Amino acid sequence: MDDAYRLWYAEDNCVIEFNKRPNTNMVRLLPSMTDKEKQKAAEYPFINCSSLKVRVTYYGQQYEFHVPKGFRWDGATIPWFVWWIVGSKTENRYRLPSMIHDYMCNNKYVVNFNRKLSSDVFRALLRANAVAKWRVAVMYFFVELCQKYWVKEWV
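Per the working numbering, the very first residue in the sequence shown carries number 1; after that it's consecutive.
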């Protein structure tokens with residue numbers, strides 16, 4: 001496996017690199033699935049299909065972590081009543097930003113419990129996926145708001 005990192009996004013204080021192209025997919029419901037498997041697929045409909053190494057350089061500090069094959073997440077957590085504004089959580093352009101963000105939120109130690117870093121990486125990856133600037137601003141605002149006031153483990 002090639003361990004060289006490939007630049008995915010760079011701005012003044014945030015550089016994001018992956019060891020390969022991310023490979024994600026949406027879990028399909030199959031008739032052979034148990035009720036428990038169907039419930040998990042409904043709750044966490046996205047899956048990382050291959051191991052992914054991530055390197056983030058944030059204000060000169062470097063963080064490296066690994067998103068394992070099989071990691072499941074719920075997509076961009078967008079309430080249904082604002083889908084008409086920013087789109088639904090199943091949109092492809094939100095898949096990678098939400099995976100990396102959710103992985104950092106579920107494993108806060110990989111970014112030294114830095115809430116702002118996780119929000120800024122989410123915003124950077126939305127930009128890298130050519131999401132409209134105003135949508136990025138709206139999504140970033142709500143991610144910051146939720147993390148700041150409802151998630152207690154962040155610095």
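Hint data in this document are derived by calculation from the structure and do not stem from the laboratory. On a predicted model such as this, the values are computed, not experimentally measured, just so you know. From the three backbone atoms N, C-alpha and C, an ideal C-beta is built for every residue, glycine too. Treat the hints with care, since some could be wrong.
[As the list claims (entries may be wrong)] Here are the simulated DSSO-like cross-link-like pairs (lysine-lysine), alpha carbons at most 30 Å apart as the crow flies:
| hint | residue 1 | residue 2 |
| --- | --- | --- |
| 1 | Lys-53 | Lys-20 |
| 2 | Lys-89 | Lys-38 |
| 3 | Lys-40 | Lys-20 |
| 4 | Lys-38 | Lys-133 |
| 5 | Lys-116 | Lys-38 |
| 6 | Lys-108 | Lys-89 |
| 7 | Lys-36 | Lys-116 |
| 8 | Lys-116 | Lys-53 |
| 9 | Lys-148 | Lys-108 |
| 10 | Lys-108 | Lys-20 |
| 11 | Lys-116 | Lys-133 |
| 12 | Lys-148 | Lys-53 |
| 13 | Lys-38 | Lys-108 |
| 14 | Lys-133 | Lys-148 |
| 15 | Lys-108 | Lys-133 |
| 16 | Lys-69 | Lys-89 |
| 17 | Lys-69 | Lys-36 |
| 18 | Lys-20 | Lys-89 |
| 19 | Lys-89 | Lys-133 |
| 20 | Lys-69 | Lys-38 |
| 21 | Lys-69 | Lys-116 |
| 22 | Lys-133 | Lys-53 |
| 23 | Lys-116 | Lys-20 |
| 24 | Lys-69 | Lys-40 |
| 25 | Lys-89 | Lys-53 |
| 26 | Lys-40 | Lys-53 |
| 27 | Lys-108 | Lys-53 |
| 28 | Lys-53 | Lys-69 |
| 29 | Lys-36 | Lys-108 |
| 30 | Lys-69 | Lys-20 |
| 31 | Lys-116 | Lys-148 |
| 32 | Lys-89 | Lys-116 |
| 33 | Lys-38 | Lys-53 |
| 34 | Lys-133 | Lys-20 |
| 35 | Lys-69 | Lys-108 |
| 36 | Lys-36 | Lys-133 |
| 37 | Lys-148 | Lys-89 |
[Said to hold, decoys possible] Have a look at the derived ranges for each label pair, beta carbon to beta carbon:
| hint | residue 1 | residue 2 | range |
| --- | --- | --- | --- |
| 38 | Cys-49 | Glu-11 | 38 to 46 Å |
| 39 | Trp-80 | Arg-28 | 16 to 24 Å |
| 40 | Ser-50 | Ala-128 | 27 to 35 Å |
> Does the structure break any of the earlier hints, and which numbers would those be?
Replying inline: 4, 5, 7, 36, 38 and 40
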